[in-house]
Amino acid sequence: MIRFLVLLLLLMLPRIGLSEVIVNTSVSLDNVNRQYLLSIFSMQTRVWPDGQPIRVYILPPNQPEHRSFVKNELKVFPYKLVKIWDRSVFSGSGFSPKVVGSIDEMLTKIAKHKGAIGYVMTDIEGGQDVKTLQVY
Amino acid sequence: MLKRYKSINVSLLLLLLNMPLVVSADDMDWEFNGFITQGYIWTDDNNFYGPSQSGSWDFRELGINSAVRIHDQLMLTGQLMSRKAGAVDDGAPSVDYALLDYRFVEKQWGHMGVKLGRIKNPFGFYNATRDVAFTRPSMILPQSLYFDKARNLELSSDGGMLYGVALFDSGRIKSELVVGEPRKDVNVEYAYLNRDWPGSFEGSEGYLWRTEYSSNDYSFIAAATFGNFKLDFEVLGTPAPGAPGNGVVDIDVSALSLQYNFDRWSITGEYFRQDISWGSLGGVYGLDPENESESFYLQVEHRLTPEVSMFLRRDILYIDIDDRDGLKAQALFGRPANTQYARDWTLGVGWEPNRDWLFRAEWHKVKGTAWLAVQDNPDESQSAENWNMLSLQATYRF
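Residue numbers (my numbering), protein chains in the order written: chain A, 1 to 136; chain B, 1 to 398.
Treat the hints with caution; some may be incorrect.
FRET-style restraints, in silico, Cβ to Cβ [stated by the list, open to error]:
1) B/P306 - A/M121: 17 to 23 Å
2) A/T108 - B/I70: 25 to 31 Å
3) A/P60 - B/E292: 47 to 53 Å
4) B/N246 - A/K75: 53 to 59 Å
By construction, these hints were calculated from the structure, which means they are not laboratory data.
No residue lacks a Cβ here, since even glycine has one placed at the ideal position from N, Cα and C.
With the hints as extra help, turn the sequences into a complete structure.
Laid out in structure tokens, this is it:
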């Protein structure tokens, strides 16, 4: 029984904390590399290659889901990303990401706004109005 | 020339403030940010940010900024700043930056753009946001490099910037070149000519070029900055004996910055060299027409939790690398030797209970007075070589 539980737990482990990148269906890209993705989420890249403005949505920076996304997908320390945003906003070099209160709100905003990008946990359903962006 | 830039900046700012307020945040990128910082300084000897020997509340920073995307690739942004710091800054509001930023290349391999207006000077790791408390690693930035006594020259320039970022598999390279007219005021005179002489710095021109490499995860960052400033000093009539006459102060700056970041630790070091030539001014400065100053610091920061961090820093400044102990300045000009160097140990703690608040406390143990402002310490013969400083700070952002 214990073995079974441990096995079950191990099977579940990779799913915990995994997130995927979602974009508005107007975004023409299907996959991006990690450097470019980090450049978008660190608010350094402002426009998609097809010319439409990028709008970045995040969960509150102190939430575990956000920290997990930043660590596992962007592969950068969450404190470093916050510093990059602050330095950019207060030196006249960029915008802040838009903070949403929940995954539901994230899905709604990204479905609605052209050029929007955000993330959801992989086990979240209901993303039919948004597009998944593959990261390589 | 300066007046023309000023009027451009004011009209940019007016345009920024008069944009219609009816757009929703999601349909248009338009945002406001701000912060207010209050400090308290106590010193056992010498004064920093006001009469600190009896405890000084004379340190306050207030900033409000806005950024708006006026076209897909065009951003308009500006910041108003008020800073009160002892006798150096009186708290009068000024335009910190006001600029148009046009991105003419945006690709997956990187981007390039140009900024026009009043632009923050990119220098070292912290200069561009030196007055914004939560972008600093400490309440008081290492004064050897980021000396607060000649701030204006370092803050921003009226002119243009060309910048670019290239993304690689291993990381990214960012390069910025600013060309323009650096801001200057009477404090720059205090810092480079040691007092407010008859006459003033009228024109100025300069450039700063900064290039930074950062590894993929920003665990390693290295930056190099090079620049030159030329400040025109103008005097009406004939200068008194010993006083500076018409001429140019020529300043070459170069800095190397390194940082390692780990989950809980950050190690930061910067080295700065400043070559100042004021031979053309004549006066007492003719005796010492060239001067090379040297500054460096090493800082270790530890994050105990995401909210609480501590740091230890050693920060060293030599005004003249040929006179590190200050004895030549003492013999030639009768200035106390301790005005020519400063060696500072700092221990600090920071607490960020949430994204809106930041509190800091720091203890400085300093030998030398090289980065103390003459404005706050008018009689340098009374300066104490060994002194201690306690600084406290609260910051709220909105």
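Now the hints, each set against the structure:
1. B/P306 - A/M121: 17 to 23 Å: 21 Å, holds
2. A/T108 - B/I70: 25 to 31 Å: Given range 25 to 31 Å: holds, Cβ gap about 27 Å.
3. A/P60 - B/E292: 47 to 53 Å: Because 49 Å falls inside the window, the suggested range holds.
4. B/N246 - A/K75: 53 to 59 Å: 57 Å Cβ-Cβ, so the 53 to 59 Å window holds.
Of the numbered hints given earlier, the model fails none.
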